[in-house]
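> Chain by chain, the residues:
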Amino acid sequence: MSHGELLLQARGLSKSFGDLQVLRSIDLTVRKGTVTVLMGPSGSGKTTVLRSLNGLETPDGGTIEFAGGLSLDFSKPLKKAGRLAMRDQSAMVFQQHNLFPHRTVLENVIEGPIQVQRVPKTQAVAQAEALLDRVGLSDKKDVHPFQLSGGQQQRVGIVRALAMKPSLLLFDEPTSALDPELVGDVLSVIKELADEGWTMVVVTHEVTFARAVADEVVFMDGGVVVERSAPKEMFSNPRHDRTRKFLDRILNPLGD
Amino acid sequence: MNDEAQLLLDSFWPILRGGLTGTIPLTLASFAIGLALALVVALMRLSKNRILSGLARFYVSLIRGTPLLVQLFIIFYGLPSIGVLIDPWPSAVIAFSLNVGGYAAEIIRAAILSVPRGQWEAAYTIGMSDRRAPVRVILPQAARVSVPPLSNTFISLVKDTSLASVILVTELFREAQQIAAFSQEFMLLYAEAAAVYWVFCLVLSSGQSVLEKRLDRYVAR
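If you're matching them up, the sequences are chains V and H in order.
Just so you know, our numbering puts the end of the first sequence at 256, numbered straight through with nothing missing.
Just so you know, our numbering puts the end of the second sequence at 221, numbered straight through with nothing missing.
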């Protein structure tokens, strides 16, 4: 995992919401073609890190540098152009899919390419249809999101992000809101994308998924990175007490 | 046929004509302008710019805190004394538009706020700017929410235009007043005017359910 080219380097990200400091100098390195899984208890700051990479949250300090030269320094006020440029790099898949309810599945997917990237409509539609076909939803392209199951909605959410052809895919607990039997469908789509070489950062509690897909697992607690290592290492031999306790809790929720 | 029935028949056309050439165009013009104004005011009110939101707040408070009749009088009878003379028709359109603008702005603001935060974020994550996100994602959803309360505003406006009679605009109610004054049949003429207003409102509010149905097609029920 250390041999890929650098895609993104975040240094010293910090962020407070009022008196609550949610990020305390976070460093994160993402290499091209790798999957980074962020784990940690709720309130650990993992989602805030993820959202900061997409400009949905603005850190109070620190820097993010992207391959290709885009560089943001959060100790200065963030300019609109910087934020838009950062969003150009990545696309987010949300916990609650956040599909546009007033548009059909196809319209959800082509909205960004047509409105933002100015891709010609026929091309955007062809691309969207191919992507929907890949996740097994080509027959649903003309329905509205409310007519889909949770798992289908989330797959459309993934396709909507993919259609932007971002260099980085971000997943914010993509299966947490799903019924258990629908989780597998979504995770297998994400795994396929990883196998294809998409670079991604995933916030999830799914240990099985992390073990199978992640190149690196970053464990956060209390706004700091407690440890980071390959999944095998992390799950079989966590170095820190806090990591061990957390993994214990999610693997044995009844404490036996 | 007795005299009253004859009067009812004879007065029907002038009253209806007053409605068709006065009440309805006055309503439609004022509502269209008022709605455009309301959208601007709602966006100003939601803006992070303190001056813009303060101005919007002041405007809404002023409009909602003063009687429409007084607003109408200030524009038509008050302004000439500071040298601004406006004809009855434009005076009425200005007063009603400003009034609709104040009320509808609050409706639109609430509707925009009712769209979940996640919709803004989804718009942002596919690269939309602060300008494009409202146009493509937020306002279409806010429109659906605001149809029922805006329909209320619209129906109120239909009836409120009768106030224009006091600044000499020839509309439904002024026609009825003139015939009533001439014939001294007040009950008959005013009841007839009320009936015509009622029919107008019934017809116009049937548009509401068509619009709601159209905008509701993407919502689960």
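Among the hints, erroneous ones may be present.
Claimed, not checked - Pairs of lysine to aspartate or glutamate, DMTMM-like flavour, derived with a Cα cap of 25 angstroms:
id	chain 1	residue 1	chain 2	residue 2
1	V	K32	V	E192
2	H	K48	V	E233
3	V	K165	H	E212
What the hints assert, rightly or not - Partial list, computed: chain V residues near chain H (C-beta under 8 angstroms):
id	residue
4	L84
5	M86
6	R87
7	M92
8	F94
9	N98
10	K141
11	H144
Treat the hints as calculated values from the structure; they're not laboratory data.
Note that this is a predicted model, so its numbers are computed, not measured.
Glycine included, every Cβ here is placed at the ideal spot set by N, Cα and C.
> Against this structure, judge whether each hint is valid.
Taking the hints in turn, this is what the structure says about them:
Simply put, V:K32 and V:E192 have alpha-carbon atoms about 16 angstroms apart, close enough for the 25 angstroms limit, and the pair holds. Using a Cα cut-off of 25 angstroms, the hinted pair H:K48 and V:E233 is violated, with the two alpha carbons roughly 48 angstroms apart. At roughly 37 angstroms between alpha-carbon atoms, V:K165 and H:E212 are farther apart than 25 angstroms, so this suggested pair is violated. Using the Cβ-Cβ criterion of 8 angstroms, the hint placing V:L84 at the interface with chain H is satisfied: the shortest such distance is roughly 6 angstroms.
Annotation: V:M86 was flagged as interfacial toward chain H, and the flag is violated, the nearest CB pair being 10 angstroms apart, outside 8 angstroms. The interface hint given for V:R87 is met, as the beta carbon of that residue sits about 5 angstroms from the closest beta carbon of chain H, less than 8 angstroms. Restraint check, V:M92 versus chain H: the minimum CB separation of about 4 angstroms is within 8 angstroms; hint holds. Interface restraint check for V:F94: the shortest CB-CB distance to chain H comes to about 6 angstroms, inside 8 angstroms, so the restraint holds.
Residue-level restraint check for V:N98 holds (minimum Cβ-Cβ distance to chain H is 4 angstroms; threshold 8 angstroms). For V:K141, the interface hint is violated, since its Cβ never comes within 8 angstroms of a Cβ in chain H; the closest pair sits about 15 angstroms apart. The beta carbon of V:H144 comes within 4 angstroms of a beta carbon in chain H, closer than 8 angstroms, and the hint placing it at the interface holds.
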